[in-house]
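Going down the list, the sequences are from chains A and B.
Note that my numbering gives residue 444 to position 444 of the first sequence, counting from 1, and the numbers run on in steps of one.
Note that my numbering gives residue 930 to position 262 of the second sequence, counting from 1, and the numbers run on in steps of one.
Keep in mind that a hint or two might mislead.
Claimed, not checked - Here are the computed distance ranges between Cβ atoms for each label pair:
# : chain 1 : residue 1 : chain 2 : residue 2 : range
1 : B       : Asp763    : A       : Thr460    : 40 to 48 Å
2 : A       : Ala468    : B       : Ile958    : 48 to 56 Å
3 : A       : Leu224    : B       : Asp941    : 46 to 54 Å
4 : A       : Leu220    : B       : Glu799    : 54 to 62 Å
Said to hold, decoys possible - What the simulated footprint calls covered on chain A by chain B, stretch by stretch (three residues with Cβ under 8 Å from a Cβ of chain B suffice, anywhere in the stretch; the number is not a length):
# : segment
5 : 51-59
6 : 217-224
7 : 371-380
8 : 520-526
9 : 639-645
To be verified - The calculated lysine-lysine pairs, modelled on DSSO-like cross-linking and capped at a C-alpha distance of 30 Å, are:
#  : chain 1 : residue 1 : chain 2 : residue 2
10 : B       : Lys956    : B       : Lys937
11 : B       : Lys827    : B       : Lys937
12 : B       : Lys903    : B       : Lys956
13 : B       : Lys934    : A       : Lys204
14 : B       : Lys934    : B       : Lys956
15 : A       : Lys204    : B       : Lys937
Everything labelled a hint here was simulated from the structure, so no lab data went into it.
For clarity, every value in this text was computed on a predicted model and none was experimentally measured.
Even for Gly, the Cβ is constructed at its ideal location relative to N, Cα and C.
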Amino acid sequence: MIRLPHSSAHPASSRNRNLALLVLLPALLAAILSYVALNHLLPSDQWWQSFRATDLTDPNQLIFRYSALPRLFIAPLVGAALGLTGTILQQVLRNPLAEPTTVGTNAGASLAIVIATLYAPWMLETGREWVALAGGTVTTAIVFMLAKGRSFSPVTMIIAGLIISLTCSSASSLLMALNREYSEELFIWQSGSLVQNGGDAIFKLLPWVVGGLLASFALLRPLLLLELDDESTQSLGSRPTLVRLSSMFIAVVLSTMVVASVGVISFIALAAPAVVRMCGARTLRQRLTWAPLAGASLLWLTDRLVQMAPFPSEVPTGTATALFGAPLLLLLLIKLRPAAITARPSHVSVRTVNTRLRLGMMLGLLILVLVVVFMFGRSAGGWYWLQPSDVSNLLDLRGPRTLTALGTGMMLALAGTLMQRMTGNAMAAPEVLGVSGGATVGVLAVMLLTSGVNRSLTFTAAAAGALATLFMLLFFGRQKRFSADRQLLAGVCIATISSSIAAVFIAGGDQRIDFLLAWMSGSTYHASPMDAVVAIITAVLLLAIIPLTARWLDILPLGGSSARALGVNLPLAHVILMLLAAIPAGIATLLIGPLSFVGLMAPHLARFLGFQRAIPQLFASAVIGGLILVSADWMGRTLIFPWQIPAGLLAAFAGGPYFMVLMLKDRR
Amino acid sequence: MFLWRRTEADGFHEVSLVIRSVSARGISAGITRRVCLGGMAFAWLAGNASRAQTGTPERIACLEWTSAEMAISLGLVPLCLCDLRGYEDWVVAPDLASSILDLGSRSEPNLEMLRDLQPHLITGAYGYGLEESDFKRFAPTFNVPFYDGTMAPYAQAQKETRRLGAILGRSAEAEALVFRVENTVAHVREQMGNRATRPLCIVSMFDDRHVRVYGAGSLFQDILSKLGLTNAWTKETNTWGFSSVGIEELVSIGDATLISLDPIPKHVKIRIDQSTLWNNLPCVRNGKVITIPAVWPFGGLAAAERFASLLAMT
Chain A
1 MIRLPHSSAH PASSRNRNLA LLVLLPALLA AILSYVALNH LLPSDQWWQS
51 FRATDLTDPN QLIFRYSALP RLFIAPLVGA ALGLTGTILQ QVLRNPLAEP
101 TTVGTNAGAS LAIVIATLYA PWMLETGREW VALAGGTVTT AIVFMLAKGR
151 SFSPVTMIIA GLIISLTCSS ASSLLMALNR EYSEELFIWQ SGSLVQNGGD
201 AIFKLLPWVV GGLLASFALL RPLLLLELDD ESTQSLGSRP TLVRLSSMFI
251 AVVLSTMVVA SVGVISFIAL AAPAVVRMCG ARTLRQRLTW APLAGASLLW
301 LTDRLVQMAP FPSEVPTGTA TALFGAPLLL LLLIKLRPAA ITARPSHVSV
351 RTVNTRLRLG MMLGLLILVL VVVFMFGRSA GGWYWLQPSD VSNLLDLRGP
401 RTLTALGTGM MLALAGTLMQ RMTGNAMAAP EVLGVSGGAT VGVLAVMLLT
451 SGVNRSLTFT AAAAGALATL FMLLFFGRQK RFSADRQLLA GVCIATISSS
501 IAAVFIAGGD QRIDFLLAWM SGSTYHASPM DAVVAIITAV LLLAIIPLTA
551 RWLDILPLGG SSARALGVNL PLAHVILMLL AAIPAGIATL LIGPLSFVGL
601 MAPHLARFLG FQRAIPQLFA SAVIGGLILV SADWMGRTLI FPWQIPAGLL
651 AAFAGGPYFM VLMLKDRR
Chain B
669 MFLWRRTEAD GFHEVSLVIR SVSARGISAG ITRRVCLGGM AFAWLAGNAS
719 RAQTGTPERI ACLEWTSAEM AISLGLVPLC LCDLRGYEDW VVAPDLASSI
769 LDLGSRSEPN LEMLRDLQPH LITGAYGYGL EESDFKRFAP TFNVPFYDGT
819 MAPYAQAQKE TRRLGAILGR SAEAEALVFR VENTVAHVRE QMGNRATRPL
869 CIVSMFDDRH VRVYGAGSLF QDILSKLGLT NAWTKETNTW GFSSVGIEEL
919 VSIGDATLIS LDPIPKHVKI RIDQSTLWNN LPCVRNGKVI TIPAVWPFGG
969 LAAAERFASL LAMT
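Build the full structure now, drawing on both the sequences and the hints.
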């Protein structure tokens, strides 16, 4: 299945040689390993005969024909599909972070499969493809509708995709948490296992990959024109919207077919195009040729190595791709030329509002909400208001949860605001910074190495993970002038690593899944009075310190050159702001898990409400962040009583659609 | 729905529950939270009185299925249990009394409800992410330390059943249960001894590409050993006594008899039945796949007994 790169027939060019090496080395290694393994299973002289007429009574032939051989082919096929998908998306969105996850396709396909598995399993009797395609198409279409008003500006699209991904994946996690034992199939599928049962998956996937390749080469020229801005493209007689729609559709079909046939294989769609670009594939034609090949050979090798791993349980390939791929990309980041992301100022209309009055009103609302969530609740007997005399009875149960939610909401909002202002990138958020991801890796490491759950050890591990990430980010930053884009890319790598370690853990069938799912979706369930005190104090301290950086925060969004011209010491500003963002993000992760929604949303909402300048935006988003998490926590405690929904999950689930409505309104 | 459940409860339960069900309707009847709390205080006093009489906990709250299974098989009806629906699908036996209330998910039992219910004892199990100390403020706790790596599950189940029996003042019942299960197992061994015994392989199937195989360190392994049966799966397992592998690995068990635990989702069953690989596995090919009803793999003595009896019926 691996197509050897005959297009590398001109080794004179060092660029092509690099690319050929990139593809051939892993492929060669994988081929040798595959040969050895297959030969061990069945002597090579019997291969052809066994393929033609399998002797089903011979277990070795059976495995060769229906398990080993299909797996040998599916790995490069999926890799090629993902490499192609990533290339198309990155071209269309003009963003090196684009992959099927960024535009909401994977999350939509996954949610559709989750719903079908849990509530309408009859739909899956013929296969998952159509369910996945339907889900992926719907979410991608929503992203399109949201981005349409801004003529598909890459930043808008990425934000819309991120919102819908968060919403869908929180809905998926919620459904799986509520149907824990029934979700075993989903846990396995989600982790991206390439174990094959017959050749069905290949025959289903192959036509789509071939079709996708042909179609994208047919779209080569119009796709190239997308590199210009839309007016120039139109003046050249192309229709940018149509080109985007059709090429995105190719990407959607390919990625949903992969999701349906083997689950989510993370990172290849992001890494393959990035790697070939770094090895010198400059033109779109080169990237369309080399990225699928690189994806194929990398996934092939990964899958081969995974099969040699000496663990009692299978290591899903999708997990391993992230484990192998993410550090590789981190290393290659050093070579990435800065300014790869075109940071565009977002078109938020500047409204003049009385920010003080408005902030006062919001504070009033926050206090009102705090009183309501504390006094109004639900018991086995129904809804009730707490009598003042009974307050002490529930203080130790409701107090820490509410206050921790408040404090962490504020911290995440502040971290998000800082990061968005610092990078000028609207999708910056604590989770993207990688600090939450680092903390998660720490927690998972403890869970993998010990049995049971030790809260203080978990806490220490999370802190260590967050700090290590922070240190690494700072170190990378010092290597070559601080590039915000590179920070983001590094952060995404870490976030991906952590989520895939989580996936392998979950797929392993460990009984601590419940704890992990609850922690990762942002539950305040375990909040202690000490947690609440820490959360509130940190939030207040931050609110006191951050205004000192107001000048930087007002200038930095204008871009690096303007900032330098205005006399800002950029590296210093970045290090200080990075610390100010990473510390609260780390503490919030320690307290209630790697929440990702609030830090992204609150700053946006503050801007939509008219808080444009740094200081008002910071205060407003802190209040909004607190409001979101406090309300989410209350709803999580009461809506499906006696069951509970983690606050972070609910915030993402409820806040996503709200944010989309806001985006639509803003468009008019 | 929970009102029904409550009226079927017994003893002093009934008293408190009637009051509580009134207060449940009480929003329309103008009965306040305070009255409700008053009712609960009464119930609590009643509970204490009954505890004072017997000196043992009777109102127990179960945070997960294994300890619930142990308590119920000692003849006690818990007040509440986490994830009732899951218990009914995956643990099945012993039966749940209809008075038992749902306490939420196993990872996040509802604390406000737990406090309202005034339990005398809270039971849980090792490994669900809950800290025993978090629950001490509500009532004394009993924790089943299964799969902590210190003991084989079956012996540990016997030990823990006796320990719970002592706490509940039901040591006689506990001894009887231990004895009964030993008896059942011995009986099944006798029954099966007549048949030619080939190795068995116990699996759960969750999708059409993977199986979870139970091996060393699992409760099932202990029972198989006691029955004098050979487990065909001898490869390494995780701390919970199983490993998740691709179905092609089942070739390594040769033509052992495959015991597959229910429930298997219907769409998975369809795809498995169509699979050439599956249908030609030596164990499947010779028609030796036996499906048995659900047994909780991480359960205690009741699960062990259920498993042995189900094997006897095959």
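Task: Numbered hints the structure breaks, given as an ascending list - done: Hints 6, 11 contradicted; others consistent.
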